[in-house]
Structures are given as C-alpha cells and as structure tokens.
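Colleague: Given next are the chains, with one letter for each unit.
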Amino acid sequence: DAGVIQSPRHEVTEMGQEVTLRCKLISGHNSLFWYRQTMMRGLELLIYFNNNVPIDDSGMPEDRFSAKMPNASFSTLKIQPSEPRDSAVYFCASRRTRGNTIYFGEGSWLTVV
Amino acid sequence: DQQVKQNSPSLSVQEGRISILNCDYTNSMFDYFLWYKKYPAEGPTFLISISSIKDKNEDGRFTVFLNKSAKHLSLHIVPSQPGDSAVYFCAASVGTGNQFYFGTGTSLTVIP
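Going down the list, the sequences are from chains A and B. Numbering (the numbering used here) for the first sequence: 22 to 134. Numbering (the numbering used here) for the second sequence: 40 to 151.
Keep in mind the hints are simulated off the structure, nothing from the lab. A couple of the hints might just be wrong.
Unchecked claim - Here are the computed distance ranges between Cβ atoms for each label pair:
id: 1; chain 1: B; residue 1: Gly122; chain 2: A; residue 2: Gly24; range: 30 to 38 Å
id: 2; chain 1: A; residue 1: Met60; chain 2: B; residue 2: Glu54; range: 36 to 44 Å
id: 3; chain 1: A; residue 1: Arg106; chain 2: B; residue 2: Asn106; range: 34 to 42 Å
id: 4; chain 1: B; residue 1: Ala109; chain 2: A; residue 2: Gln38; range: 43 to 51 Å
id: 5; chain 1: B; residue 1: Arg56; chain 2: A; residue 2: Gly37; range: 25 to 33 Å
id: 6; chain 1: B; residue 1: Arg56; chain 2: A; residue 2: Lys99; range: 43 to 51 Å
id: 7; chain 1: A; residue 1: Met60; chain 2: B; residue 2: Val133; range: 21 to 29 Å
id: 8; chain 1: B; residue 1: Ser90; chain 2: A; residue 2: Val134; range: 39 to 47 Å
Ideal placement from N, C-alpha and C gives every residue a C-beta, glycine not left out.
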C-alpha cells in the first residue's frame with residue numbers, strides 16, 4: 022500500500038510568494054494532520070482534520086496559513102504571503118479515525134528567501 | 040506551552056551498550072504514548088507505544104517504560120546498533136482519535 026504522499030519534496034521561494042503544499046492520505050484513513058518541524062519546538066501540530074472537518078487549527082501560526090481538505094484523500098496547506106521564518110520541514114500524517122498510530126509522509130522542505 | 044518535553048537534544052552511545060532516551064509530560068490526562076524514529080530526509084516512523092494501563096512494553100531490542108506518578112517515560116534500546124542512529128520523538132495523546140503532542144526530539148548517535 023502507498024504511504025502518505027507529499028509534494029513538493031523541496032520548495033525554494035521568495036518572500037511574499039504563495040506556497041502550496043500537498044498531501045495524499047493513505048487509503049482508508051480518515052484523519053489528517055499537518056505538522057511543522059523546527060529545532061525549537063520539534064514537531065508542532067498546525068491543524069488536524071477528521072473526516073474532512075477541521076477539528077483543531079489552534080496551531081496555525083497566523084492568518085497567512087490556511088489548510089483545506091477538498092476530498093477525503095487530499096489536503097493542501099497554503100502560506101500566503103510566505104516569510105523567511107516559515108522556512109521549515111512540513112509533514113503531513115494520516116490515521117484511521119479511531120486508530121492509535123499516525124503515519125507520516127516524507128515531508129516538504131520549504132525555504133523562503 | 041510544550042506539554043511533552045525531551046530535555047536531552049542529543050545522546051551518544053557505544054555500539055552494544057544501552058541507550059536510554061527520556062521524555063516528560065505535563066498533562067495528567069495523557070493515556071497513550073508513542074515513540075517515533077526519524078532518519079534524515081525521511082518522515083518519522085512509528086517505533087513502539089504504551090498505554091497508561093501498563094508500565095512496560097517490549098518489542099525486541101526496544102522497551103518503553105512509563106512512570107505515571109512522575110509523568111515520565113523512557114525508551115531503552117539494548118543492545119544499541121549503528122543503524123539506531125536517528126532522531127527519536129516521544130508523543131502523547133488523550134484517548135484515541137485525538138491529536139498527538141510531540142516532544143522536540145533527541146538525536147541518538149551510536150558509535151561503532
């Protein structure tokens with residue numbers, strides 16, 4: 022079975038540009054998580070969805086960040102406008118709704134210059 | 040505020056010896072704990088978990104211990120192997136179906 026698929030794997034963009042990160046869940050999974058990895062905070066939860074519905078978005082840094090699940094198997098995380106401090110690795114993860122384990126994608130490495 | 044803390048950013052151990060990675064949490068409602076392992080340029084992968092009804096769970100060379108009164112868990116790897124060199128994250132959740140809170144990670148280096 023395919024795991025969580027993220028794209029792009031690497032993105033370098035200029036400050037002020039819009040960035041869109043994409044994630045495809047594992048088939049049969051109903052929960053979707055977006056994490057950001059930084060040295061200071063480790064794996065920081067940005068937002069998570071159950072059955073396409075956002076459950077907790079309190080980790081989203083500010084209004085420049087938005088996330089959507091247009092269908093049960095796909096999600097996007099958008100940053101507009103991007104800033105250098107957004108540079109980090111962004112991970113998507115999925116899980117069966119009542120499952121105890123989440124499965125991560127390989128991450129999207131974002132650099133904003 | 041960080042609810043799950045890993046106070047040691049890094050750890051070095053000789054091959055064949057025991058590696059002990061520690062994790063503390065502040066939320067007494069947490070009842071399920073996991074350890075993830077992360078290699079460079081890869082996503083974290085699940086390693087081992089423990090429910091609060093237990094104080095120990097073992098899987099091969101990996102054992103997780105839970106001390107609920109101290110709000111502390113630890114991961115023991117014995118014997119350590121060079122392939123164990125990675126960043127280890129602990130995570131906690133309240134019940135099932137909820138979010139996981141992760142620590143900042145501990146980078147383990149096993150020296151051949």
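Colleague: Confirm or reject each hint.
Modeller: Verification of the supplied hints:
1. Hint check: glycine 122(B) to glycine 24(A), Cβ distance near 20 Å, so the stated range 30 to 38 Å is violated.
2. The hinted range of 36 to 44 Å is not satisfied by methionine 60(A) and glutamate 54(B), whose Cβ atoms lie roughly 27 Å apart.
3. Arginine 106(A) and asparagine 106(B) have their C-beta atoms about 37 Å apart, which keeps the hinted 34 to 42 Å range intact.
4. Checked against the hint of 43 to 51 Å, the C-beta distance between alanine 109(B) and glutamine 38(A) comes to roughly 47 Å, which is consistent with it.
5. The beta-carbon spacing between arginine 56(B) and glycine 37(A), approximately 51 Å, falls outside the hinted interval of 25 to 33 Å.
6. Between arginine 56(B) and lysine 99(A), the C-beta spacing of about 47 Å keeps the proposed range 43 to 51 Å intact.
7. Distance hint check for methionine 60(A) and valine 133(B): the Cβ-Cβ separation is about 27 Å, which falls inside the suggested range of 21 to 29 Å.
8. In this structure the hint that serine 90(B) and valine 134(A) lie 39 to 47 Å apart at CB holds, the actual value being about 45 Å.
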